[in-house]
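K.L.:
Since the structure of chain A is already known, use the hints to place chain B on it.
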Amino acid sequence: MGIEVQNITKSFGSFKALDDVSVRIDAGELVALLGPSGSGKTTLLRIVAGLETPDAGSGPVLFHGAQVDSKKIGERGVGFVFQHYALFRHMTVFDNIAFGLTVKPRRLRPSKAQIREKVETLLHMIQLDNLAGRYPSQLSGGQRQRVALARALAVEPQILLLDEPFGALDAKVRVELRAWLRRLHDEIHLTSVFVTHDQDEALELADRVAVMNRGKIEQFGTPDEVFHSPQTPFVMNFLGQVNQFRGRLAQGRVSIGDCEGAAPEMEFDGKNFEKCRACEARTAATIFIRPHDFEISQQRREGRLSFPATVTRIHSAGNLARVEMVTDAGETLTAETTHSERDELQLAPGGRFYMTPRSIRVFADEPAASRAEEIAE
Amino acid sequence: MSSDNRKKRRSSSDAEHKAHFHAVKRATTEPFWARALLIGVAVVFLTFFLLLPLICVFYEALADGFGGFAKALSDKRALNAMKMTAIAAFFSVLLNVIFGLAAAWCVGKFQFWGKGFLISLIDLPFAVSPVIAGLLFVFLLGTQSAFGRWLAENDVKILFATPGVVIATIFVTFPFVVRELIPVMQAQGTDEEQAARLLGARGWQIFWRVTLPNVKWALLYGAILCNARAMGEFGAVLVVAGNSAKTNTIPLYINELHQSYSVGAAPFAVASLLAAMAILTLVAKAFLEWKISRANEE
Numbered sequence: 009m010g011i012e013v014q015n016i017t018k019s020f021g022s023f024k025a026l027d028d029v030s031v032r033i034d035a036g037e038l039v040a041l042l043g044p045s046g047s048g049k050t051t052l053l054r055i056v057a058g059l060e061t062p063d064a065g066s067g068p069v070l071f072h073g074a075q076v077d078s079k080k081i082g083e084r085g086v087g088f089v090f091q092h093y094a095l096f097r098h099m100t101v102f103d104n105i106a107f108g109l110t111v112k113p114r115r116l117r118p119s120k121a122q123i124r125e126k127v128e129t130l131l132h133m134i135q136l137d138n139l140a141g142r143y144p145s146q147l148s149g150g151q152r153q154r155v156a157l158a159r160a161l162a163v164e165p166q167i168l169l170l171d172e173p174f175g176a177l178d179a180k181v182r183v184e185l186r187a188w189l190r191r192l193h194d195e196i197h198l199t200s201v202f203v204t205h206d207q208d209e210a211l212e213l214a215d216r217v218a219v220m221n222r223g224k225i226e227q228f229g230t231p232d233e234v235f236h237s238p239q240t241p242f243v244m245n246f247l248g249q250v251n252q253f254r255g256r257l258a259q260g261r262v263s264i265g266d267c268e269g270a271a272p273e274m275e276f277d278g279k280n281f282e283k284c285r286a287c288e289a290r291t292a293a294t295i296f297i298r299p300h301d302f303e304i305s306q307q308r309r310e311g312r313l314s315f316p317a318t319v320t321r322i323h324s325a326g327n328l329a330r331v332e333m334v335t336d337a338g339e340t341l342t343a344e345t346t347h348s349e350r351d352e353l354q355l356a357p358g359g360r361f362y363m364t365p366r367s368i369r370v371f372a373d374e375p376a377a378s379r380a381e382e383i384a385e
Numbered sequence: 583m584s585s586d587n588r589k590k591r592r593s594s595s596d597a598e599h600k601a602h603f604h605a606v607k608r609a610t611t612e613p614f615w616a617r618a619l620l621i622g623v624a625v626v627f628l629t630f631f632l633l634l635p636l637i638c639v640f641y642e643a644l645a646d647g648f649g650g651f652a653k654a655l656s657d658k659r660a661l662n663a664m665k666m667t668a669i670a671a672f673f674s675v676l677l678n679v680i681f682g683l684a685a686a687w688c689v690g691k692f693q694f695w696g697k698g699f700l701i702s703l704i705d706l707p708f709a710v711s712p713v714i715a716g717l718l719f720v721f722l723l724g725t726q727s728a729f730g731r732w733l734a735e736n737d738v739k740i741l742f743a744t745p746g747v748v749i750a751t752i753f754v755t756f757p758f759v760v761r762e763l764i765p766v767m768q769a770q771g772t773d774e775e776q777a778a779r780l781l782g783a784r785g786w787q788i789f790w791r792v793t794l795p796n797v798k799w800a801l802l803y804g805a806i807l808c809n810a811r812a813m814g815e816f817g818a819v820l821v822v823a824g825n826s827a828k829t830n831t832i833p834l835y836i837n838e839l840h841q842s843y844s845v846g847a848a849p850f851a852v853a854s855l856l857a858a859m860a861i862l863t864l865v866a867k868a869f870l871e872w873k874i875s876r877a878n879e880e
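If you read the sequences in order, they're chains A and B. The numbering used here numbers the first residue of the first sequence as 9 and each following residue consecutively. The numbering used here numbers the first residue of the second sequence as 583 and each following residue consecutively.
What the hints contain is simulated information worked out from the structure, not anything from laboratory work. For clarity, every value in this text was computed on a predicted model and none was experimentally measured. Mixed in with the good hints there might be a few duds.
As a list, the in silico DSSO-like pairs of lysine-lysine whose alpha-carbon atoms are at most 30 Å apart [what the hints assert, rightly or not]:
1. K828(B) <-> K665(B)
2. K653(B) <-> K665(B)
3. K120(A) <-> K798(B)
4. K24(A) <-> K80(A)
5. K828(B) <-> K112(A)
6. K80(A) <-> K112(A)
7. K798(B) <-> K867(B)
8. K867(B) <-> K665(B)
9. K739(B) <-> K658(B)
10. K873(B) <-> K828(B)
11. K80(A) <-> K873(B)
12. K691(B) <-> K112(A)
13. K828(B) <-> K739(B)
14. K80(A) <-> K691(B)
15. K665(B) <-> K798(B)
16. K79(A) <-> K24(A)
17. K653(B) <-> K828(B)
18. K224(A) <-> K24(A)
19. K80(A) <-> K697(B)
20. K691(B) <-> K828(B)
21. K24(A) <-> K697(B)
22. K79(A) <-> K828(B)
23. K798(B) <-> K658(B)
24. K79(A) <-> K112(A)
25. K120(A) <-> K180(A)
26. K24(A) <-> K691(B)
27. K697(B) <-> K867(B)
Extracted from the complex, chain B is given alone in its bound form:
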């Protein structure tokens, strides 16, 4: 069939769909005042809780002009915080992608005893407060525990150092990639992998050439959400980072600037970085959602 024909067919079915939609709409639409009220409430809510704060961040960030903005961002401590955040985000995305693929492969493609429990366990970081998560690592790796003492004796510094920040971030971002991959892998089933195996492909070939390409958009989607969360994490990192300028991530640094009563644009300038990241994330997320829905249609 030529692509022209396909388009024609699609557009005619669109027209039918629209006609049907209008017929249904008349029968199921609420009166005008109800619609206006509901939409109004939603708009006011969004404006107060999302739009105004966002505008406020960027407005305050530029309160001292571009010079002040640039100075706040090029401060040595600011640069160090950016570096820490980048390290934490990089490692948590990398490790969670690897872990996420492995776990989703297990859960999505195999039946085994204890599967429900494993899924619950994966969700644990969503249920636990990040501060508690941080404290868990302090207890586990601190000198209270035998493992912590062993680490101290061997001069391995994890807590209140970069590795601690990375570990805490990985913990809180744990579910993001897996949760995106499991439903996709479940929906796709194992027929394609079986076909590949019957055609003589070996384990790694099946993974690289069949499984991975089929989940690439969902994987990217999960990685982006994971990255956004990793950059924004505050509670867990605060507990394991300690009060050191060396281990400050961007959110910790913003908090410090704010706590030190430093007037002016500096905290907002740094905060605007995170806000800009968030907007970028949203755009990427919207794009990927579109890609995934298209891939699912096929």
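Bound conformation, chain A alone:
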């Protein structure tokens, strides 16, 4: 076990930044804490680092099975990379990286030659061998971020924590640095956690993603799991583009407006529909459909959930054509289709087509527990 936190709560005044959060991160794993601002992801990271103290009554923080709550920040063995780098502005790149080694108590401090060797190895690793004598203000954002990483790694931490590591960089550098960080992680296998609000970053870089909202972890799983089988409406909405409809669920069939039918593939409250007894109940629900999960046709698909919509706009730049439509009830939706299919169907603004979802996800408005009682009656 790499990092484990149990039942952590943290309030700032009346604002609950974290609400009874528990999470276990395996050794050697690279985990993303993903969520909108204010979801508590940075607070959780700072509590793991020891920079914030959880509220009284919270559970322990463990690194590799050992409790670290009572340890001083500097003794936890945490490498921390700040969003705005927090490099020492009056020190050169070399001195920045060497800092953690030079402040060690005399009996633990490596010799000058050892420090020099270590720093040079790290400079080579971050590909900045020639910039040892520069000051942080003379570096680009991406270079500063790499120096911050080398500085954190110099003290050979047990775990590495990164707070929005790419947040302040421009798009191109961000993508490059992301790939570089993934390669680096595969080389050194240090248990690492990074915070981000960018879903692409989280899904591409992390082994597992914890999606956070309002101080809670909504779902913790591999990028594949959180993207393809979201367990909550929030995760569904937050990851990827999605169309959202109000509808009803009755006798295993779904209705949106006055169109009713069954979808070939359906997940209910994050579970496979067939295995779910509760979905037999009548209930109002939110129905999510991904843009690529629509089948577009000129004729209604009988027996299935299939409703008409009118094309308002087509964006053709990209691998897929993105079609913006409006339903008869006035709801807007976005569908994605291949360019060849677009030509075949002669999709054009003003055209009227039938939309038949291949796969939908339904989340009932009422919590599952109260619905179960309803069935019992």
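P.N.:
Coordinates of chain B only, in the frame set by chain A:
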């Protein structure tokens, strides 16, 4: 990026900046007569209130020639006044630097209850007339108070002696260093200190290696202002120093020379010392302002 490239980039952006500036200037500039009037008023004001008095001090100081100037400055009482001023300035700069760092660290890097009140308290010496400040110490340390009587019984001489002069000077120069440091420390935040702590640095190491180097120019700036004020202080020191030649500082000595109707260059010669200090202070201040603005750019 090579330094050449950096220069090039900077100069091209300078050119753009200038072009932009001229365009804005045409649209926002006042007519000629308004500019001439405003600048004229400023120049006349500066000449009468600052430049002429300054010239006058140096002119009068040398009225008896260099011999008289040197004689006035090498007078025993003059030398004693210089010594007193140096002592007062030295201790107030030293103690205010220590206090200023501690207080600015508190206010700039931590959130706590009563912070606004503490900042107001720090500004108190700016609001209180120096004479009142001096009187406060006379009441506190004089035989009117229990503390003063206790001091007298134990034969500790503070009032009307060197320590009194130092204490009064510290009081009036109190805000200078803190006021310079607080905004700098607030702007820099605590990220670097947190980074240092996470890397295993202990309290003093963080202070000496991270916090202090980051505020060194602002600290020097505050110390120079503090020094200038300490050397020039009159009111507060007058009240606590009493009428003794032994505790005269330069401003007190100048006043004494002036009051005793001594004609000639002596008061001006001594005053020119303070004027020269003031000019030096201004130069140092300008240099540091430039340094600080450059450090902030980075």
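K.L.:
Hint check: K120(A) vs K798(B), CA-CA at most 30 Å. Holds or violated?
P.N.:
Holds, at roughly 27 Å.
K.L.:
What's the verdict on K691(B) and K112(A), does the C-alpha distance respect the 30 Å limit or exceed it?
P.N.:
24 Å, holds
K.L.:
Check whether the Cα positions of K80(A) and K873(B) lie no farther apart than 30 Å.
P.N.:
This hinted pair is violated, its Cα atoms lying about 37 Å apart.
K.L.:
K80(A) and K691(B) were given as a pair; does the straight-line alpha-carbon distance stay at or below 30 Å?
P.N.:
Given that 30 Å is the threshold and the Cα spacing comes to 20 Å, the pair holds.
K.L.:
Tell me if the straight-line CA distance from K691(B) to K828(B) falls inside 30 Å.
P.N.:
43 Å, violated
K.L.:
Are the Cα atoms of K828(B) and K665(B) separated by 30 Å or less?
P.N.:
Holds: K828(B) and K665(B) sit about 10 Å apart, inside 30 Å.
K.L.:
Keeping to a limit of 30 Å between CA atoms, is the pair of K24(A) and K80(A) held or broken?
P.N.:
Judged against 30 Å, a Cα distance of about 25 Å means the pair holds.
K.L.:
For K24(A) and K691(B), compute the direct alpha-carbon distance and say whether it is at most 30 Å.
P.N.:
24 Å, holds
K.L.:
Is K697(B) close enough to K867(B), meaning Cα to Cα at most 30 Å?
P.N.:
29 Å, holds
K.L.:
If you draw a straight line from the CA of K80(A) to the CA of K697(B), is it 30 Å or shorter?
P.N.:
27 Å, holds
K.L.:
Sort out whether K112(A) lies within 30 Å of K79(A), counting only the CA atoms.
P.N.:
16 Å, holds
K.L.:
Mind checking the alpha carbons of K828(B) and K112(A) for me, to see if they're no more than 30 Å apart?
P.N.:
Judged against 30 Å, a Cα distance of about 52 Å means the pair is violated.
The structure is inconsistent with the numbered hints 5, 10, 11, 20, 22, 23 and 25, although it conforms to all the rest.
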